[in-house]
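Asks: Work the whole structure out from these sequences, hints included.
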Amino acid sequence: MTNKTDLILVGGFLGAGKTSLLWEVAKRLNEKGRKVGLITNDQASELVDTSFLETNNDIVEEVSGSCFCCNFGGFANAIAHLQEANNSDIILAEPVGSCTDLSATIMQPLKEKYNEQVNLKQLTALADPTRLKAVLKDHSNPGDYIIYKQFEEADVILINKVELLSEEELADLVEKTKKEFNNENVLTASVKTGEGLDAWFDYIINSEKEVGRRIVEVDYDTYAYGEALFGWLNGTYAIEKEESFETLATAFLANLGEKFDSLNLNVGHVKFLLQGKEEGLVGNIVGKKETATLRKLDNASEKVFLTVNARVEVHPDKLVEIVKEEVERVFNVVGYKEETLNALIPGRPNPTFRYREIVKL
1 MTNKTDLILV GGFLGAGKTS LLWEVAKRLN EKGRKVGLIT NDQASELVDT SFLETNNDIV
61 EEVSGSCFCC NFGGFANAIA HLQEANNSDI ILAEPVGSCT DLSATIMQPL KEKYNEQVNL
121 KQLTALADPT RLKAVLKDHS NPGDYIIYKQ FEEADVILIN KVELLSEEEL ADLVEKTKKE
181 FNNENVLTAS VKTGEGLDAW FDYIINSEKE VGRRIVEVDY DTYAYGEALF GWLNGTYAIE
241 KEESFETLAT AFLANLGEKF DSLNLNVGHV KFLLQGKEEG LVGNIVGKKE TATLRKLDNA
301 SEKVFLTVNA RVEVHPDKLV EIVKEEVERV FNVVGYKEET LNALIPGRPN PTFRYREIVK
361 L
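Residue numbers for the sequence shown follow UniProt numbering, so the first one is 1 and each next one is one higher.
It is possible that some hints are incorrect.
Unchecked claim - Within a straight-line C-alpha distance of at most 27 Å, the following computed BS3-like cross-link-like pairs (lysine-lysine) qualify:
hint	residue 1	residue 2
1	Lys-209	Lys-176
2	Lys-27	Lys-4
3	Lys-360	Lys-324
4	Lys-259	Lys-35
5	Lys-241	Lys-137
6	Lys-318	Lys-337
7	Lys-35	Lys-4
8	Lys-296	Lys-32
9	Lys-241	Lys-288
10	Lys-318	Lys-277
11	Lys-296	Lys-277
12	Lys-277	Lys-241
13	Lys-360	Lys-178
14	Lys-179	Lys-318
15	Lys-192	Lys-32
16	Lys-259	Lys-324
17	Lys-137	Lys-179
18	Lys-337	Lys-296
19	Lys-289	Lys-324
20	Lys-289	Lys-259
21	Lys-288	Lys-259
22	Lys-27	Lys-179
23	Lys-27	Lys-324
24	Lys-259	Lys-133
25	Lys-133	Lys-192
26	Lys-259	Lys-296
27	Lys-303	Lys-337
28	Lys-288	Lys-324
29	Lys-192	Lys-111
30	Lys-324	Lys-277
31	Lys-4	Lys-137
32	Lys-324	Lys-4
33	Lys-289	Lys-137
34	Lys-296	Lys-324
35	Lys-176	Lys-241
36	Lys-360	Lys-209
37	Lys-303	Lys-288
Derived from the structure by calculation, the hints contain no laboratory data.
Replies: Laid out in structure tokens, this is it:
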């Protein structure tokens, strides 16, 4: 018989900082002696998120090929594997960024079917302040519709990247968010500085409020159209020589940002991991080129490789063309071999379960 495990789901749109949040929280929990398991999710395999989270030496399960809600069995199996193989006493799970309706399709069935296996905690939607401000003004665009629904169904809304706002701007955003979504549980944090992370985690882990207490109406035609706006690309490359990695990563990040901006493309999230035998670098773009960041990782690997994930509002064929061109431009000096390259438009969401009523525990 496995022990009952704390289970925390952190949703939110592409680029909100979900993976970085999970990485930082897992690191802190490891330092306190907790046995942490993590679950990532995407429309295709070969995730930067999975490789990045593994740098904490945590066990990471990956549910790929569809969202959690469209593969509930795969999600449940990932939970069971972390409990049985890793003896995890806490699991942090990150649904794909374009997924909504999690309360009806994940939270309710978990409460009804897995209450003996997990201590399900409140559903958090992580917010990028720039995107949050935008959807508070207008969410008629199908992509913004998804973001709005993520906040509308959340038990807790956590505004990330508060270092980008003044105290007055943040206070105003918090109040507007509470009012718009009729939700007093609006918290603030900065994954970059660490501010507010402990307060959020303590609230989530200790709160006795009902979990999954909001089911919202979702127009699946609009939802499907919003997801299909974005081309998705996952690619992996073997790198032949480990030389000048920081210079190469900086150039690759800058070139991608410049290219997407020059074509006036809406970037949901572009991320890459350049991993060497002595160190790694993670690059991110979550909008215009000014949002680009590069982070060093002090972890070693037996392989030298590049993993690229891109979610951009453009046809997948064009996205493939752009990424292949920039990989060639930067990495031809050290030599590389393309190992996998998958590009797609997400299919229509077809959840395994969709509950109409709140499950009471």
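Asks: Could you work out which earlier hints the structure fails to respect and list their numbers in ascending sequence?
Replies: 3, 4, 5, 9, 10, 14, 22, 23, 29, 31, 32, 35, 37
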